[in-house]
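Enquirer: So you can see what is in the structure, the chains are spelled out below.
4 protein chains.
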Amino acid sequence: MAETWKTAISRIRPNEVRVRGYDIAELMGRVSFGSAVYLILRGDLPPEPVGRLMDAILVSSIDHGPTPPSALGARSVASTGASQSAAVAAGIASINRWHGGAIQDCAGQLRRIVERSQLQNRSLADSAADELQEMAARRERMSGFGHRVHTSDPRTARLFSLAAEIGLDGPHVRAVRAVEAALVKRGKPLPINVDGAIGALLADLGFEPGVMNGIFMIARAPGLVAHVFEEQTREKPMRRIDPDPDKQEYDGPAPRRLDD
Amino acid sequence: MAETWKTAISRIRPNEVRVRGYDIAELMGRVSFGSAVYLILRGDLPPEPVGRLMDAILVSSIDHGPTPPSALGARSVASTGASQSAAVAAGIASINRWHGGAIQDCAGQLRRIVERSQLQNRSLADSAADELQEMAARRERMSGFGHRVHTSDPRTARLFSLAAEIGLDGPHVRAVRAVEAALVKRGKPLPINVDGAIGALLADLGFEPGVMNGIFMIARAPGLVAHVFEEQTREKPMRRIDPDPDKQEYDGPAPRRLDD
Amino acid sequence: MAETWKTAISRIRPNEVRVRGYDIAELMGRVSFGSAVYLILRGDLPPEPVGRLMDAILVSSIDHGPTPPSALGARSVASTGASQSAAVAAGIASINRWHGGAIQDCAGQLRRIVERSQLQNRSLADSAADELQEMAARRERMSGFGHRVHTSDPRTARLFSLAAEIGLDGPHVRAVRAVEAALVKRGKPLPINVDGAIGALLADLGFEPGVMNGIFMIARAPGLVAHVFEEQTREKPMRRIDPDPDKQEYDGPAPRRLDD
Amino acid sequence: MAETWKTAISRIRPNEVRVRGYDIAELMGRVSFGSAVYLILRGDLPPEPVGRLMDAILVSSIDHGPTPPSALGARSVASTGASQSAAVAAGIASINRWHGGAIQDCAGQLRRIVERSQLQNRSLADSAADELQEMAARRERMSGFGHRVHTSDPRTARLFSLAAEIGLDGPHVRAVRAVEAALVKRGKPLPINVDGAIGALLADLGFEPGVMNGIFMIARAPGLVAHVFEEQTREKPMRRIDPDPDKQEYDGPAPRRLDD
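Chains as they are written, first to last, in numbering that gives the first Met the number 0: chain A, 0 to 259; chain B, 0 to 259; chain C, 0 to 259; chain D, 0 to 259.
Hints may contain errors.
Same chains, same label: a pair holds when it works inside one copy or across any pair of copies.
[As the list claims (entries may be wrong)] Listed below are the simulated SDA-like cross-link pairs for lysine to any residue, each with C-alpha atoms no more than 20 Å apart in a straight line: (1) Lys5 x Pro254; (2) Lys235 x Thr66; (3) Lys187 x Asp125; (4) Lys5 x Pro244; (5) Lys5 x Asp245; (6) Lys187 x Ala128; (7) Lys235 x Glu248; (8) Lys246 x Thr66; (9) Lys184 x Gly107; (10) Lys184 x Asp125; (11) Lys246 x Arg12; (12) Lys235 x Gly186; (13) Lys5 x Lys235; (14) Lys187 x Arg138; (15) Lys246 x His63; (16) Lys187 x His146; (17) Lys235 x Trp4; (18) Lys246 x Ala163; (19) Lys235 x Arg96; (20) Lys5 x Arg233; (21) Lys246 x Glu2; (22) Lys235 x Tyr249; (23) Lys5 x Gln247; (24) Lys184 x Gln132; (25) Lys5 x Glu15.
No lab work stands behind these hints: they were computed from the structure.
Excised from the complex, chain A in its bound form (with noise of 0.2 Å):
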């Protein structure tokens, strides 16, 4: 094991901890965690209006109560006396193609989508229309759109506002519109839902598709932390955890605004 083996991410030496080449000690309290999550995964800094939809991102995929398998996986292991660590890691290991995946796969088509316009030097509209008509033909599912819960998901809303706001925009927010037109075309209306929002975002910001899941990862963590503490505090071990959202009750803070 004489060779040594190379990575891009941190330098380590004492008293100094670098990240992509930035001192850590002057990035912190000067950026925000969404700009140190950008910069770590993509290998610079973003400029700070960035930043802060990065965060908003973050913020997006933060909890979404406790019925979703990560939530409910993380629950299960936590009543078993486990770790915290080892509960988390079980809501983790629950994001997947079918929780949070939809991110990726949404970025994927919509590249081929925008890659088709580029190539065929077509609207995006009639690529989109293209793209479905096939994708329907072999019987793929367009990723990002409709939801159990959500007809009309205030998250994706906010994002392209957001998005808007700080002039982001990118051929893959234009396709992702394109499809939500196409669909309403062929008699199939669906609403963007936050999966595909974060990812024609994250594909315009220049994010591949294979590390799409691993930012919701960090984004879901605080989630599950306060799912398995909660269960650590609130619960009795091995209770039946019923997964039925009639079955909970919320008893938190009744609804409030930023500016109460």
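Once you have looked at the hints, place chains B, C and D on chain A.
Expert: Showing chains B, C and D alone in chain A's frame:
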């Protein structure tokens, strides 16, 4: 299973997601991820300066290169062809008493010193000296002091300076300073490490020790995703991953500054 | 990293695999898997009848339907599209103090009774009564007694009868019987459950309590694989998995006998 | 959640546990663990000789020293102070395409050769040669051949000899032999490794490829428990675990024989 069970974290209704009472769409773009982490774990939004300190705490622990067992374990699992989430989960499951656990251990020890000072109406200096004396008698080590690599951890100084900037001057930070001084008097000088600084700050911010390990998991998640993604995209499967830092070569961006 | 580290489990050389000194090719076909489990954990091969008892212990815990949190957790993770190993790992991570942990807890409590009897030169009956009295005073529960479903666990009786057949008559089995009788005298009759029986038997076979949770993991692994595979091949992704046994219907083979 | 869901694995009633229809108390002491693994995964008990072969297959994979990533990953997690189950779970999560996955990959490739032979009414030798030719064209590697350490794996020979003893002479074992011969003819001789032998045998026993990775998890679980327990009881926390076999020293029992 007729009964309901309760959760105080989030309430999900059609087209509405509320975290601790706040509409998530309203939080997005208005609070940093650090503030949202504070909210979901403490139940209320922090004042904005505290939110920035939370971001700094999370940034301080985002990565420490490939030698910690969480990074090595995550890379080792990734090298077998595991999914991204399974590999990151192995890294999360590595955050325990001996890795990240010093944060909550130190916070608990500092709390004892603070309570001793209050109950006995003595100075923190005396209380710290007494506590260390008793800990020495039962062979208990003070957590949050000393580091394998750093004799003067740049993250510690930066955290304390940021806390001072926002006027955070709580008993646990004063206690950790008192311990530092007491260790010098005992002839065993050791620097406060980043875990000790975070433990003192989180305790002063009102976090319970039982959730601090979880905060470290949240902070380290992006580093774990970065290591797993680098392993997946840059290395061959099933390689031997040498944990010796002398066999690891950093080939990322050269040192640079925020204002470069 | 010039130094070597040591392991006493296996030695691998080209064309030779030895476990605890035995050529694995010689073990194959000559000892049961239960004997090999005994070998790898205890360091020596058991007498053949003990090997058969080990097999019976492993068989006794191979599965307990879909309600234990290990099965539910594994199925929940599997339903997100996780790999088989990630889903089984979540099930393994669910084996802790409150799930499977009664085996080692009971073994530790029985050891205290046995040692008390030896040190004080008193009968196991008296020692058990005293121990239960003291445990009641400090509100400690006896592990390995009572069951949510079974009032007379068929596995317990079978394990003790198999142990008797091979002449295994150790102090921990006698102690667990003494506890059973003492509980009747205290007016709180509870049956020995399968965890209590396994804890007593493994202790009499010389296993340390610290490895007993691991033996339960080994025993339950096939059940977890079966549940994960059934979830993967029979169910839709992301379904709600009702943990209520009244909502689970068995549709496998009808009751049958070995000599059918 | 009014509907029930179905499982064909076990039926639990008060004082009765049935696995695939059999009373578990009747199975205990009468069938080996290998037979019970066959039962729970295939749905029926094997003939007794096949049960013994299952035990041999499980024994063959019980451990391979500390260098496989499953053992290193489990030890790495254990060294952070993780619970035993969390550490073993990390080892299980390491069993994937590149570690243990050759069993099912090889079984799938052999099935193609067997089906080609049946459909085209040609010899296995010709079918194997054609299949290898086509695989070479699309740069697909044959799984289950060659080993980093063993040029002549003693487990492979033993498995085939045990299968021959019980008269198991199925098409997949003949196909793997045909591939071995075809590789010689192609000037690329490679020995069948233990994964290839197990894949061929399990396929001839009627197991689906999709469950073979799980069988490897079951087989390796005792080795993982042994490594985790050794790490917990013999090593200091947070040590650097050198993966280089030259830095690992075996200090267990000297070579010995069953009849010693």
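Enquirer: Against this structure, judge whether each hint is valid.
Expert: Each hint tested on the structure:
Taking the shortest alpha-carbon separations for Lys5 and Pro254, only the inter-copy value of 17 Å comes in at or below 20 Å, while the best intra-copy value is 50 Å. For the identical chains of this complex, Lys235 and Thr66 are neighbours both inside a copy (19 Å) and across copies (16 Å), given an alpha-carbon limit of 20 Å. In this assembly of identical chains, Lys187 and Asp125 lie within 20 Å of each other by CA distance solely inside one copy; the values are 17 Å within and 51 Å between copies. In this assembly of identical chains, Lys5 and Pro244 lie within 20 Å of each other by CA distance solely across copies; the values are 11 Å between and 47 Å within a copy.
Taking identical chains as interchangeable, the C-alpha atoms of Lys5 and Asp245 lie at most 20 Å apart only when they sit on different chains, with a minimum of 11 Å there against 51 Å within one chain. In this homomeric assembly, Lys187 and Ala128 come within 20 Å of each other (Cα to Cα) only inside a single copy, at 12 Å, whereas the closest approach across copies is 50 Å. For the identical chains of this complex, Lys235 and Glu248 are intra-copy neighbours only, at 17 Å inside a copy versus 27 Å across copies, given an alpha-carbon limit of 20 Å. Taking the shortest alpha-carbon separations for Lys246 and Thr66, both the intra-copy value of 10 Å and the inter-copy value of 18 Å come in at or below 20 Å.
With identical chains, the CA atoms of Lys184 and Gly107 are never at most 20 Å apart, being 22 Å at best within one copy and 43 Å at best between copies. In this assembly of identical chains, Lys184 and Asp125 lie within 20 Å of each other by CA distance solely inside one copy; the values are 12 Å within and 54 Å between copies. When the C-alpha separation of Lys246 and Arg12 is checked against a cutoff of 20 Å, the pair qualifies only between copies, where the shortest distance is 14 Å, while the shortest distance within a copy is 53 Å. Neither within a single protomer nor between protomers do Lys235 and Gly186 lie at most 20 Å apart by alpha-carbon distance, with minima of 49 Å and 26 Å respectively.
In this assembly of identical chains, the alpha carbons of Lys5 and Lys235 lie at most 20 Å apart only when taken from different copies (12 Å versus 47 Å within one copy). In this homomeric assembly, Lys187 and Arg138 come within 20 Å of each other (Cα to Cα) only inside a single copy, at 14 Å, whereas the closest approach across copies is 42 Å. With identical chains, the CA atoms of Lys246 and His63 are at most 20 Å apart within one copy only, with a shortest distance of 16 Å there and 25 Å across copies. Within a single copy, Lys187 and His146 get their C-alpha atoms as close as 14 Å, which meets the 20 Å cut-off; across copies the closest is 52 Å, which misses it.
Only between protomers do Lys235 and Trp4 lie at most 20 Å apart by alpha-carbon distance; the minimum there is 11 Å, versus 47 Å within a single protomer. Taking the closest pair of Cα atoms, Lys246 and Ala163 never come within 20 Å of each other, the shortest separation being 39 Å inside a single copy and 46 Å across copies. For a Cα distance limit of 20 Å, the shortest separation of Lys235 from Arg96 across copies, 13 Å, qualifies, whereas the shortest one inside one copy, 32 Å, does not. Taking identical chains as interchangeable, the C-alpha atoms of Lys5 and Arg233 lie at most 20 Å apart only when they sit on different chains, with a minimum of 9 Å there against 45 Å within one chain.
Proximity of Lys246 to Glu2 under the C-alpha cut-off of 20 Å is restricted to the inter-copy arrangement: shortest distance 7 Å between copies versus 57 Å within a copy. With identical chains, the CA atoms of Lys235 and Tyr249 are at most 20 Å apart within one copy only, with a shortest distance of 18 Å there and 28 Å across copies. In the homo-oligomer, the alpha carbons of Lys5 and Gln247 lie at most 20 Å apart only across protomers (6 Å), although the nearest pairing inside one protomer, at 48 Å, exceeds that limit. In this homomeric assembly, Lys184 and Gln132 come within 20 Å of each other (Cα to Cα) only inside a single copy, at 12 Å, whereas the closest approach across copies is 48 Å.
Only within a single protomer do Lys5 and Glu15 lie at most 20 Å apart by alpha-carbon distance; the minimum there is 19 Å, versus 34 Å between protomers.
The structure shown violates the earlier hints numbered 9, 12 and 18.
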